[in-house]
Amino acid sequence: MRGRAGPALLLAVVLFCLLTPLVSGHDPHAPDLARALLPPGGTHWLGTDQLGRDLLTRTAAAGRTSLLVALAVTAATTALGAVTGAAAGLAGGVADRLLGFAATVALALPGLTLALALAGVLRPGYGTVLVALVPLGWVNCGLVARTATRQVAGSDHVLAVRAIGASRRYLLRRTIGPHLAGPVLTVATADFGRALIAVTSLSFLGAGLPPPDTDWGGMVSEATPLLVAAPGPAVVPALALALTGLAVALTADTLRSAPASPQAGGRR
Amino acid sequence: MTAVVLRRGAELLLTLLTVSVLVFLLTSLAPGDPAEEILRRGGVQPTAAGVAALRAELGLDRPLFTRYLEWLLGVLRGDLGTSYADRSPVAAEIFSRVPATLRLAGAAALVAAGLAVLVSVRVTLRPHAPGSRAIALATVALTGVPPYIVGILLISVVAVGLRALPTGGDGGPGAVVLPALTLGLAGAATLLRLLRADLADALRQPFVKLAAAKGLRARRTVLVHAVRVAAPNAVTAAGVVLAELLAGAVVVETLFSWPGVGQLAVSAIRQRDVPVVQAYVLVTGAATVALLACVELCLAACDPRVRRR
Numbered sequence: 005m006r007g008r009a010g011p012a013l014l015l016a017v018v019l020f021c022l023l024t025p026l027v028s029g030h031d032p033h034a035p036d037l038a039r040a041l042l043p044p045g046g047t048h049w050l051g052t053d054q055l056g057r058d059l060l061t062r063t064a065a066a067g068r069t070s071l072l073v074a075l076a077v078t079a080a081t082t083a084l085g086a087v088t089g090a091a092a093g094l095a096g097g098v099a100d101r102l103l104g105f106a107a108t109v110a111l112a113l114p115g116l117t118l119a120l121a122l123a124g125v126l127r128p129g130y131g132t133v134l135v136a137l138v139p140l141g142w143v144n145c146g147l148v149a150r151t152a153t154r155q156v157a158g159s160d161h162v163l164a165v166r167a168i169g170a171s172r173r174y175l176l177r178r179t180i181g182p183h184l185a186g187p188v189l190t191v192a193t194a195d196f197g198r199a200l201i202a203v204t205s206l207s208f209l210g211a212g213l214p215p216p217d218t219d220w221g222g223m224v225s226e227a228t229p230l231l232v233a234a235p236g237p238a239v240v241p242a243l244a245l246a247l248t249g250l251a252v253a254l255t256a257d258t259l260r261s262a263p264a265s266p267q268a269g270g271r272r
Numbered sequence: 644m645t646a647v648v649l650r651r652g653a654e655l656l657l658t659l660l661t662v663s664v665l666v667f668l669l670t671s672l673a674p675g676d677p678a679e680e681i682l683r684r685g686g687v688q689p690t691a692a693g694v695a696a697l698r699a700e701l702g703l704d705r706p707l708f709t710r711y712l713e714w715l716l717g718v719l720r721g722d723l724g725t726s727y728a729d730r731s732p733v734a735a736e737i738f739s740r741v742p743a744t745l746r747l748a749g750a751a752a753l754v755a756a757g758l759a760v761l762v763s764v765r766v767t768l769r770p771h772a773p774g775s776r777a778i779a780l781a782t783v784a785l786t787g788v789p790p791y792i793v794g795i796l797l798i799s800v801v802a803v804g805l806r807a808l809p810t811g812g813d814g815g816p817g818a819v820v821l822p823a824l825t826l827g828l829a830g831a832a833t834l835l836r837l838l839r840a841d842l843a844d845a846l847r848q849p850f851v852k853l854a855a856a857k858g859l860r861a862r863r864t865v866l867v868h869a870v871r872v873a874a875p876n877a878v879t880a881a882g883v884v885l886a887e888l889l890a891g892a893v894v895v896e897t898l899f900s901w902p903g904v905g906q907l908a909v910s911a912i913r914q915r916d917v918p919v920v921q922a923y924v925l926v927t928g929a930a931t932v933a934l935l936a937c938v939e940l941c942l943a944a945c946d947p948r949v950r951r952r
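Note that the protein sequences, when read in sequence, are chains A and B.
Sequential numbering of the first sequence, starting at 5, is according to the working numbering.
Sequential numbering of the second sequence, starting at 644, is according to the working numbering.
Careful: at least some of the hints might be erroneous.
[What the hints assert, rightly or not] Here's a subset of chain B near chain A, in silico, CB distances under 8 Å, partners left out:
#, residue
1, Thr661
2, Val664
3, Leu669
4, Ile795
5, Leu796
6, Ser799
7, Val909
8, Arg913
9, Val920
10, Gly928
To be clear, the hints were calculated from the coordinates, so they are not data collected in a lab.
Since the model is a prediction, treat every value here as computed from it, not as a measurement.
Even glycine gets a Cβ: it sits at the ideal position worked out from N, Cα and C.
Please model the complete structure; the sequences and the hints are all you need to start from.
Here it is, written out as structure tokens:
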């Protein structure tokens, strides 16, 4: 049962974020000070925030931004990590040592701190968030891809393909690549969770996306000063982010504990 | 052992140098000219001559590598530069806030260690108890939910709902409870996962079967025998978690207005005060790197297998 709860919850969150702004009839960015901080009820199901914006619509719109940016970060780190990891694992020697050193340095550095500093020094925006999170974020995936490549590279069928004179490119794409899909997907899911935390944390600290493209971290940050007087505007996005984080963590946990299937990959 | 110390020392130096280069390059990444920035903040409309004079005064007209060496020498002497905002020395500002951050991280470490040790032993002793599954779920949840969200929920329940504790600041002994709990819960989740894996490994060793065969009670097997085998790994886990707490402190400090280093860094980021940001990254980065090196040395000192690696 626990195996399906994560993906199901994640799907529900994605649908909520994509569909709510379309059907709610409220503009997530249009302020209406006359209707600020309304309690839940009426046309505003969850009430309004300090600028009179509909909380439900705004939470969904911010969720879409959060998920998209985290997805972009994960796509970049996964592509970078899988390619460098597989290449280093296959080449061995100096390339492998270089990857090892880069990983040691990257793991020793305080990731959030560096990302925060980069994002704080550059101009805020989507590109900055990517620049802040990708350079250290690919390491996990790189190490996993390297280990998986090494394990497969020594097996008989890889040796056979090598023996008939396949190029390194062919080896990586057709022979080794399919074996990496499983482990890389697992680490990518965990990385997506980390990216979601990092992206929203940057926004919470005021070094993320500039308004009006707020994500959940930005919403929480805006509403925190009012927390005692009106907890709604901070607690609603906080709960949405908590649910999403839980869903991603559950999914990653399921993937991690799933037995490695012998025909991982499919296309040969 | 000497070889381990030398090799780790060399690695430590190399990593610290890499950190220092990265941190130094941060300033040159910043858009705009620092001299212009300082003049504008001083309320002066920057003229070409004024900017050029200040650039010369700050040494910004010299090559990048020379500036790096001078900056590094300054850092080694304890000079972390001057703030854009009020042109005061950054080092004094940062170090006046270190005690508050250490107090928070220390309290959080106590929370994390206490929770993780108690829970991991309990879960290992009774893996099928109903509480154990709930704990497993909570652990997974805590790794997926960012600490500041846990903090927001704690504040709204404990401080706003029950009016039990202050929501922020550093006034009175109760003020540290919520920030330490927020930060500590995140650390506890990581530590618990590592400790549980170590304990499970230890329980798979043959001597555990022997202990069971000679009739030793499960409690004694876990508490006396398995824990001792898992202990060296716990040192590593503690190091990893302490590093995580130091890095995570910035978010929790911001949420609870805790007057630590992280809060200083965040306000510096909002004001785009690059030297303060730079100093913060350098200090936290160096602390993390040194911490992880210490852990490895502790490990080498108490486990001969590590020395031979």
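Status of each hint after checking the structure:
The beta carbon of Thr661 (chain B) is positioned within 8 Å of a beta carbon in chain A (closest approach about 5 Å), and the interface hint is therefore held. With a least beta-carbon distance of about 11 Å to chain A, the hint placing Val664 (chain B) at the interface is violated under the 8 Å criterion. Checking Leu669 (chain B) against chain A by beta carbon gives a least distance of about 5 Å; that is within 8 Å, so the hint holds. Look at Ile795 (chain B): its Cβ gets to within about 4 Å of chain A, closer than 8 Å, so that hint holds up.
Contact between Leu796 (chain B) and chain A, as hinted, is supported at the beta carbon level, the nearest pair being about 6 Å apart and thus within 8 Å. Hint on Ser799 (chain B) holds. Least Cβ distance to chain A is approximately 5 Å, under the 8 Å limit. The interface hint given for Val909 (chain B) holds, since its Cβ lies 5 Å from the closest Cβ of chain A, which is under the 8 Å cut-off. With 8 Å as the threshold, the beta carbon of Arg913 (chain B) comes within range of chain A, its nearest partner Cβ sitting at about 5 Å, so the hint holds.
For Val920 (chain B), the interface hint holds, the least distance from its beta-carbon to any beta-carbon of chain A being 5 Å, beneath 8 Å. Evaluation of the Gly928 (chain B) hint against chain A yields a held restraint, the C-beta minimum of about 6 Å falling below 8 Å.
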